[in-house]
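**Student:** Read off the chains here:
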Amino acid sequence: MLAKRIIAALDIKEGRVVKGIKFQNIRDAGDPIELAKRYEEEGIDEIVFLDITASYEKRQILLDLVKRIAEEIYVPFTVGGGIKSVEEIREIIKSGADKVFLNTAAVDNPTLISEVAKVVGSANLVIAIDAKWNGKFWEVYTHGGRKARGIDAVEWAKEVECLGAGEILLTSMDTDGTQEGFDIPLTKAIVEAVDIPVIASGGAGSPEHFYDAFEIGASAALAASIFHYGKYTVRELKEYLARRGVNVRLE
Amino acid sequence: MIAIVDLGIGNLANVRKALGGVITSDPYEIERADKIVLPGVGNFGAVMKRLEPLKGTILDAINEGKPFLGICLGMQLLFEWSEESEGKGLEVFKGNVVKFKGVRVPHIGWNQVFPAKECPLFEGIKNGSYFYFVHSYYVNPQDKEVIAAITDYESKGNKVVFPSAVCKDNVFGVQFHPEKSSKNGLKLLENFRRL
Numbered sequence: 001m002l003a004k005r006i007i008a009a010l011d012i013k014e015g016r017v018v019k020g021i022k023f024q025n026i027r028d029a030g031d032p033i034e035l036a037k038r039y040e041e042e043g044i045d046e047i048v049f050l051d052i053t054a055s056y057e058k059r060q061i062l063l064d065l066v067k068r069i070a071e072e073i074y075v076p077f078t079v080g081g082g083i084k085s086v087e088e089i090r091e092i093i094k095s096g097a098d099k100v101f102l103n104t105a106a107v108d109n110p111t112l113i114s115e116v117a118k119v120v121g122s123a124n125l126v127i128a129i130d131a132k133w134n135g136k137f138w139e140v141y142t143h144g145g146r147k148a149r150g151i152d153a154v155e156w157a158k159e160v161e162c163l164g165a166g167e168i169l170l171t172s173m174d175t176d177g178t179q180e181g182f183d184i185p186l187t188k189a190i191v192e193a194v195d196i197p198v199i200a201s202g203g204a205g206s207p208e209h210f211y212d213a214f215e216i217g218a219s220a221a222l223a224a225s226i227f228h229y230g231k232y233t234v235r236e237l238k239e240y241l242a243r244r245g246v247n248v249r250l251e
Numbered sequence: 001m002i003a004i005v006d007l008g009i010g011n012l013a014n015v016r017k018a019l020g021g022v023i024t025s026d027p028y029e030i031e032r033a034d035k036i037v038l039p040g041v042g043n044f045g046a047v048m049k050r051l052e053p054l055k056g057t058i059l060d061a062i063n064e065g066k067p068f069l070g071i072c073l074g075m076q077l078l079f080e081w082s083e084e085s086e087g088k089g090l091e092v093f094k095g096n097v098v099k100f101k102g103v104r105v106p107h108i109g110w111n112q113v114f115p116a117k118e119c120p121l122f123e124g125i126k127n128g129s130y131f132y133f134v135h136s137y138y139v140n141p142q143d144k145e146v147i148a149a150i151t152d153y154e155s156k157g158n159k160v161v162f163p164s165a166v167c168k169d170n171v172f173g174v175q176f177h178p179e180k181s182s183k184n185g186l187k188l189l190e191n192f193r194r195l
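Respectively, the protein sequence lines represent chains A and B.
Under the UniProt record's numbering, the residue at position 243 of the first sequence is numbered 243, and the numbers go up by one with no gaps.
Under the UniProt record's numbering, the residue at position 114 of the second sequence is numbered 114, and the numbers go up by one with no gaps.
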C-alpha cells in the first residue's frame with residue numbers, strides 16, 4: 001500500500017540552513033547536508049529545500065548545493081523558491097533535484113506550468129499554493145505571502161492540475177507558524193477538488209495534527225519547526241501514526 | 001566496472017555513489033563494462049531515440065550474460081512497446097507498457113514491494129519493504145515468469161496490482177528508484193553490485 005509521506009522543509013539562504021535549528025549532536029546546524037542526512041536516518045520520506053536567497057546572482061550557490069545533496073542523500077528532494085523560468089528549472093533538475101516547485105511565477109504566468117510540465121514531466125513539478133481565508137474564499141497569495149491575488153485557491157488548484165502540475169504543496173497562511181494544526185477545511189476543499197496528490201503544510205505542532213491531515217485525504221504532510229527543534233523525531237511521529245492505523249514507511 | 005548509461009537526463013550522482021562505476025554514454029566504455037545500469041527518466045519514445053546509438057552494444061552485453069539493471073523507464077525499455085509513445089523498446093522481454101487507469105496518476109511515493117519469486121536483488125530485504133516510486137506507466141509482461149516482485153496501488157476506490165520488478169537470468173528491472181529509497185534501495189544496489 002502507498003504510504004502517507006512525511007516531508008521536512010528546510011529554508012536555505014546562500015547555501016545554508018536558516019531559521020532556528022536546535023539539534024544536538026550536529027556539528028554545524030547550518031549545513032543542509034548534515035541536517036538532511038539526519039532526517040534521512042530518522043526515516044523522513046522527502047525533503048523540501050526552499051531557497052530564500054534574494055539575489056539572482058547567488059543562484060549558482062544553490063546549484064552547487066543541489067549537486068551535493070543529490071550525491072549524498074538517498075531520499076527524494078524538491079527545490080524551489082523564486083524560480084521564474086524553464087531554464088532555471090532545467091538547471092536545477094540537471095543538478096540532481098527530483099522535483100521543483102513554483103509559486104509566484106506560476107500565478108504570474110500560468111502557461112509556465114504547462115511549459116515546465118512538458119520539459120521535466122508532471123511528476124517532477126510541484127505547484128506551491130499559499131492561501132488565506134478572506135471571509136468569502138481562500139485567497140491565493142504570492143511573493144512569500146506578501147501579495148494577495150484575488151484568486152480562489154480551490155479554482156487555482158483545479159487550474160494547475162489541468163495545466164500539468166504533478167502535486168500541490170498547500171500552505172495555509174492562517175495556520176502557518178501557529179503549531180495548532182494544519183488548516184483542515186482548506187486542505188479538505190483542495191483534496192476534494194483535484195486528483196493529484198496534495199501536501200498539507202502550515203501549522204503542524206503535534207503528531208495528532210498529521211493524523212488529522214491524512215484522515216481527510218492529504219497524501220503527505222510537511223513540517224519544519226516540529227522537527228528542527230527536536231520536539232518530535234520523524235520516527236516518533238511515524239510510530240504514533242502507525243499505532244493509529246495510518247500507513248507509513250517505518251523500517 | 002559498472003557502466004551507468006547516461007542519456008543526458010537527470011543526475012546520476014547518487015546511483016554512481018552507491019554502485020561505484022562510471023557514468024557514460026560511450027559505446028566502447030559500455031562494451032568494456034562487466035555490468036550495465038540503465039536509469040531512465042522521461043518519455044519512452046524520446047529516451048529510446050537517444051538510446052538508439054547504444055542499442056546494439058547494450059543488447060550484445062545482455063546476450064553475453066552480463067548483469068543488466070533497468071531502473072524506472074530503464075525497466076520499461078526492456079519491453080516491446082509502450083502506450084506512452086510510438087516506437088519499439090529493446091524487446092528483451094515480450095509484453096508492453098501500459099498506463100495506470102482508474103487511480104490517481106502519477107503514482108508518487110513510497111510503496112511496498114512483495115517478491116513474487118527468488119531474485120538475488122532482494123536478498124536480505126524484507127518482504128513488503130518500502131521503495132520510492134514515481135511513474136504513470138507500468139510493465140505488462142507476456143511471460144508472467146519474469147515478474148520478480150509486485151506492488152499494489154490503491155486510490156479513488158480502485159486498486160491496481162502491477163509488477164514492480166522483473167528478473168530473468170542476468171536481466172533485472174525495477175520500477176521504483178533504488179537510488180531514492182534510502183537503506184533498502186542501497187541494499188538492492190549493493191546486491192546488484194555483488195552479482
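Honestly, the hints are just simulated from the structure, not real lab data.
Careful: at least some of the hints might be erroneous.
What the hints assert, rightly or not - Chain A stretches covered by chain B per the calculated footprint, using a threshold of three residues with CB under 8 Å from any CB of chain B:
| id | stretch |
| --- | --- |
| 1 | 68 to 75 |
| 2 | 195 to 204 |
As the list claims (entries may be wrong) - Straight-line alpha carbon distances no greater than 25 Å define the calculated DMTMM-like cross-link-like pairs of lysine to aspartate or glutamate that follow:
| id | chain 1 | residue 1 | chain 2 | residue 2 |
| --- | --- | --- | --- | --- |
| 3 | B | Lys-126 | A | Glu-41 |
| 4 | A | Lys-37 | B | Asp-60 |
| 5 | B | Lys-49 | A | Glu-91 |
| 6 | B | Lys-17 | A | Glu-192 |
| 7 | B | Lys-183 | A | Glu-192 |
| 8 | B | Lys-159 | A | Glu-192 |
| 9 | B | Lys-183 | A | Glu-41 |
| 10 | B | Lys-17 | A | Glu-41 |
| 11 | B | Lys-66 | B | Glu-84 |
If you're wondering where the values come from, they're calculated on a predicted model, not measured in any experiment.
Even glycine gets a Cβ: it sits at the ideal position worked out from N, Cα and C.
**Student:** Among the hints numbered above, which are violated by the structure, and what are their numbers in rising order?
**Tutor:** Of the numbered hints, 4, 6, 7, 11 do not hold.
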